[in-house]
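Protein sequences appear in the order of chains C and X. With my numbering applied, the first sequence corresponds to residues 116 to 309, in that order. With my numbering applied, the second sequence corresponds to residues 1448 to 2091, in that order.
Please note: incorrect hints may appear among the correct ones.
To be verified - Below, computed lysine-lysine pairings styled on DSBU-like, alpha-carbon distance capped at 35 Å:
1. X:K1870 / X:K1714
2. X:K1870 / C:K204
3. C:K170 / C:K236
4. C:K204 / X:K1714
5. X:K1714 / X:K1523
No lab work stands behind these hints: they were computed from the structure.
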Amino acid sequence: MNTALEQMHEIEPHIQIGRARAGVLMLIVSDALSVIAILAAGGYLSALNVLGQFKGGDPAPAFFPGLLAVIVLVLSGLAYYMWERGVRKNGGAGQRVIFILSWALMIIALAAQIWVSVALKYASPFHGYASMLLLLAWYSAFHLLLGAIIGLLVLGRILNGRLAERGYIVEVVGYWWYYTVAAGLIMWLFSLVA
Amino acid sequence: MIQVQARRSNLLNQLFPSVISGLVLGVIGAVVINIIATHLQLADQPANTDAIVVATYVGWVIFFFVGIGAFNGVWKWGFARRDATSAEELAIAGHGQGLWRYFRYTTDHKVVGMQYLATTLVLFFLGSMGAFMIRLEQAVPGAIFFTPSTYNTIVGMHGIMMIVATIIMVSGPFGNFVLPIMIGARDMAFPRLNALSYWLLFAAIPVFLSTLFIGGFPTGWTGYAPLSDQILTPGMDAYCITIILFGISTTVAAMNIVTTVLVLRTKGMTLARLPIFVWGVVLSVILGLTAFPSFIVSQMMVLGDRVFHTSFFIASYGGSNWLYEHLFWFMGHPEVYVVALPAMAAAAEITAVFSRKTIFGRRMLVGSLITICLLSVLVWGHHLYTSGSNTALDGPYMLDTELISIPTGFFFLALIGTFWRGKIWVTVPLLFVVGMLVNFVIGGITGIYLADLPTDEILHGGMFVTAHFHFTLVGSMVVGFFAAFYFWFPKMLGRRLNHSLGVLHFWLFEIGFLGTFIALFYAGLQGEPRWSANVAPSYATANLIASLFAIVIAVSVFTLVYNVVTSVARGELASADEWGGKTLEWTVPTPVPLENFAELPVITSTPYEYGLAEPADEGFGLDAVEVPAQEVSAQPQSQPESGA
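Here chain C stands alone, though its shape is the one from the complex (with noise of 0.2 Å):
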């Protein structure tokens, strides 16, 4: 995003691309912590078992939905590396249609990821194993929103061809994109184990 520096005393490129990629570099610190204090703390539950009672007789989800739902999210990941592989080698054009296949694949992963969450039948009040699971399955969800959100902000910048102007933009989304996209495979492995 500019800022009246940019406008009146213009930020050196290297600059703004060091800002762009520190910045989300750091959000992505920042969110796997979160995610690894979801895990550990699934993780302790299940190794405490207080009274017996952390998987209270509750069954593990269906595997096929969760596979589904992240073989369309690596997908998604393969679509945007394609297209940001496309932007490079043309200096900062690459192919819309690939761009809006990958966000596409996010949106469907999306969809399929809310499926999975409101198909997890548990009894309320859910036990520790339920609980753990629920909260995975929505926090998963929340990164894709978040990287649905993301790549229609892209795709705004595209179709209105202010993309090229910041080829870096790309490179830093990809950081996230391809974050989003392990963050949700490990949740998925670790609600497969716990």
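Knowing the structure of chain C, use the given hints to seat chain X on it.
Just chain X now, with coordinates in the frame of chain C:
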């Protein structure tokens, strides 16, 4: 007619977006969401009050941010056909808006710094009034004014308000106002995120204060689960939302400050030449960035338990109270150093200026701050010594906690070494630094007894702990904040604080503080428990003494308030380099221009080269001192637009 229309249009432009439109829309949004959430409740099931309350608060926050214009920049970033013009960007930075810029989503770092300063002072004032009510209630045995539940809510509100205030007290006002200038930057790396971090804090305050009207939160400031799960009043929901908002605000601010220092340092401002204050703030926010996610997650889980009937902390369903304690204290102990590091660094900065010497062992001091930062994330388990959890890690936690005293000792060494053979200029900021050192020694040494498991078994949960952490957080760090406040006030507000009132404030505060908390140390050693609304007769004398000295603290607070109000109203104008400091903030005019520097300086030395400097006034005068600033190759020139 045209004039009337123009005036009306101007008024509308001023009000929308601003804090006024934010408040109006926030309240409307909260009411609408409340009505919708109430109607969505299933008729055949009991009403889920917690869900309605949480939805209402979320509505308040989202619509407040719509109203204040926080999403405008995001929308334009994605969908505008062009970048903002220079004039538009200047308007967002507060150009030409006078005092009204403090009530808008303004991006100028100096405005945000002033907003943080005002908020910190208000929180301190409210929090200290809470403390005063606590001491009044505890002055004599038996209930005087409050029911135990009300007393607990007051203790909890005092605790959270003061913890929030101490976390932001240095990094918020001075980290925003002074730090970018110190590194030779024109603004923060992400000016809009800077505004966002402040307004998130602002949005959390009404949520927090509303707890008073919806049952309070009798858990105390720690919000321990499963008690917080079981409390039926929606005040607990407000507590959780407050913490989540504050956690996000702090995280956003931390990202911004670290990025700013990483990428916006001016030419020649190498890491080796960074002022010590910048180091302190950066390390503090990195620690916050590490610690706060677990706190946010803990409150999400409490809300889950309360609203959706999950069982993260309910043992009969496989949850555990220890989980909360781990998540909470993983934030809770580093949080002490989040508070401490910038205050310690500010004290070092001030000591160098008023001793007219370079900081003794500057690299050692930076190393010790980094070591404190690293060690502090590994000590949280000492808060669980007596919780009944597995004892296998007690030894390592004890060792690690005590190790922190070594780098902390280097801090004392650095400051005393700086005083040694310095040309000491006794000013109000320096008095507070000395007070900080005295109190920190007492707070630190008493902490060793709580870090050691055998003594902690006896002292935990008692007034000794209360006195210890007040010596650390208030006696050391808040006093450090006062030092920074008196030091940078002339630069930030362009006025001089009254020196005599400042000295009076110092002595009243120091005497009142020592009297209050030494008495509470005694009560704690006698065995008085912390969480008790009524004082038992055997601890009556110590508590009466503490309460009487608390009156002295209250008088000191009013002295400060009087000093600030009269100085802002009719104080002498401050000069650009009020103390003869050599860091970059003293090289720019007062008030500081919107863009700080006409030309960005190029740094060729560290900011503590006082070899040739002489204080102009050895006494208590406040005349500006002519000292060459940190060597720069391009001297900034004044600009007409005021930024502060």
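Verification of the hints:
Proximity of K1870 (chain X) to K1714 (chain X) is assessed by CA-CA distance (about 31 Å); at most 35 Å being required, the pair is judged to hold. As the CA atoms of K1870 (chain X) and K204 (chain C) are separated by approximately 62 Å, the hinted pair breaks the 35 Å bound. Between K170 (chain C) and K236 (chain C) the CA atoms are separated by roughly 14 Å; this keeps the pair inside 35 Å, and the hint holds. The hinted pair formed by K204 (chain C) and K1714 (chain X) meets the criterion: a straight-line CA distance of about 33 Å does not exceed 35 Å.
Pair hint K1714 (chain X) plus K1523 (chain X) holds up; C-alpha atoms about 32 Å apart against a cutoff of 35 Å.
Checked against the numbered hints given earlier, this structure breaks only hint 2.
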